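**Student:** Assemble the complex: chain A is given as a structure, and chain B must be docked to it using the hints.
The listed protein sequences derive, respectively, from chains A and B. My numbering numbers the first residue of the first sequence as 1 and each following residue consecutively. My numbering numbers the first residue of the second sequence as 1 and each following residue consecutively.
Worth flagging that the hints you see were computed from the coordinates, not collected in a lab. Certain hints may be false.
Treat identical chains as interchangeable: a pair holds within one or across any two.
Here are the simulated EDC-like cross-link-like pairs (lysine to aspartate or glutamate), alpha carbons at most 20 Å apart as the crow flies [said to hold, decoys possible]:
#1 Lys89 - Glu148
#2 Lys202 - Glu114
#3 Lys44 - Asp198
#4 Lys162 - Glu106
#5 Lys162 - Asp141
#6 Lys89 - Asp143
Given the structure is predicted, the values throughout are model-derived calculations rather than measurements.
2 protein chains.
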Amino acid sequence: MRSIMKFSKIPAVTITRLSIYSRCLEALAQEDVKIIASDKLAQKCGINPAQIRKDLAYFGEFGIRGVGYFVKELLSEIQRILGLNKTWKMALVGIGNLGLALVAHENFVRQGYEFVAVFDVDPAKVGRRLPSGQIIHHVDDLDKVVKEKGVEIGVIATPAGKAQNAAHRFIGSGVKAILNFAPIQLQVPEGMAVENVDFTVKLDNLAYHLTMAEP
Amino acid sequence: MRSIMKFSKIPAVTITRLSIYSRCLEALAQEDVKIIASDKLAQKCGINPAQIRKDLAYFGEFGIRGVGYFVKELLSEIQRILGLNKTWKMALVGIGNLGLALVAHENFVRQGYEFVAVFDVDPAKVGRRLPSGQIIHHVDDLDKVVKEKGVEIGVIATPAGKAQNAAHRFIGSGVKAILNFAPIQLQVPEGMAVENVDFTVKLDNLAYHLTMAEP
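Same shape as in the complex, but just chain A:
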């Protein structure tokens, strides 16, 4: 059994790929596939087989040579590694169109992420109830509500100008991880995990492909 210390040196890109493998394996499990050859899994994930073997090797030995991977076993192992064998509690700041879309997004709950609290500063919104059931709290109550509900991940969907303030609120309340949709680089103390969602980075990939494809 490898130690946690060893785990913490895993490259971030490997963690991202594990997440992608888990999505592919879930789809396979739903199709009732029991065993999958390593090259078939690779094809399904759009990642080459050597890379998959290398990524999994950080965590132990998986699969049987000449046979492949047991779908359910590998899936539950990856979920354990990623910490997905529990439901993570999230709070959202910013109930605009993006915030509403996030709260309603079917994928979060399916993947083990649940919005347990939502916040805004707009007096026209605070106190109202979303179709999904959550009452919109004022950001001034973030600290209290986050502690009451045991929020673990803060999600920021405010305009750029209000994102740093939202981050300060989360930091002050003891939240250690932030998913940031606002188009700014947040300043956070050491030990905070921040992931930025920037849609335009994905578009740059497409632009590059289109540019390369031109005759």
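**Tutor:** Just chain B now, kept in the frame of chain A:
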């Protein structure tokens, strides 16, 4: 000068990192920084200096040993490589909360991506005008409108069940690149570039960090 053929073998992760470098360099240019040491640029981007050198080496020689990189020059070179020295025309299918958030998102235009057409199937929406000025067209008119407007990138923000149909429409109209926000794997013919935006992959990274950080 290296050839296009050479370019097309660049790893996708390198392209994604170039995109991140361009964001950092833009911020530096705005702060009126002329030259930046390679380790400072690395720090700003959150990527190690050796990786930056390796990524840039695919495209030529950049920076001056012991001095650093010229911010504006490197930025415009990366933008040229990525194909960002033009504005890309996008069309959106699915005017729900997410679609509205995307059309209003300040970052797209800033980065050279413009929504020139939007589509939905809801009779209550079709024919109405968005605050940003676009008229919502019916998806049945996608082929005609996409050709008229010269759309290059299709963006899908429909529910999962309607995304494949939206993809078929784009494919039929000759669009060669799709940004997909729906939580399904799209089936597309060879030669199509598809990028999927899955917010939960970012959350998995946070969950992993939180799991590792536990005492």
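**Student:** Determine for every hint whether it applies to the structure shown.
**Tutor:** Structure-based check of all given hints:
no.: 1; hint: Lys89 - Glu148; result: within (12 Å within a copy, 46 Å between copies)
no.: 2; hint: Lys202 - Glu114; result: between (25 Å within a copy, 14 Å between copies)
no.: 3; hint: Lys44 - Asp198; result: between (25 Å within a copy, 16 Å between copies)
no.: 4; hint: Lys162 - Glu106; result: between (26 Å within a copy, 14 Å between copies)
no.: 5; hint: Lys162 - Asp141; result: within (16 Å within a copy, 39 Å between copies)
no.: 6; hint: Lys89 - Asp143; result: within (15 Å within a copy, 43 Å between copies)
Checked against the numbered hints above, the structure breaks none of them.
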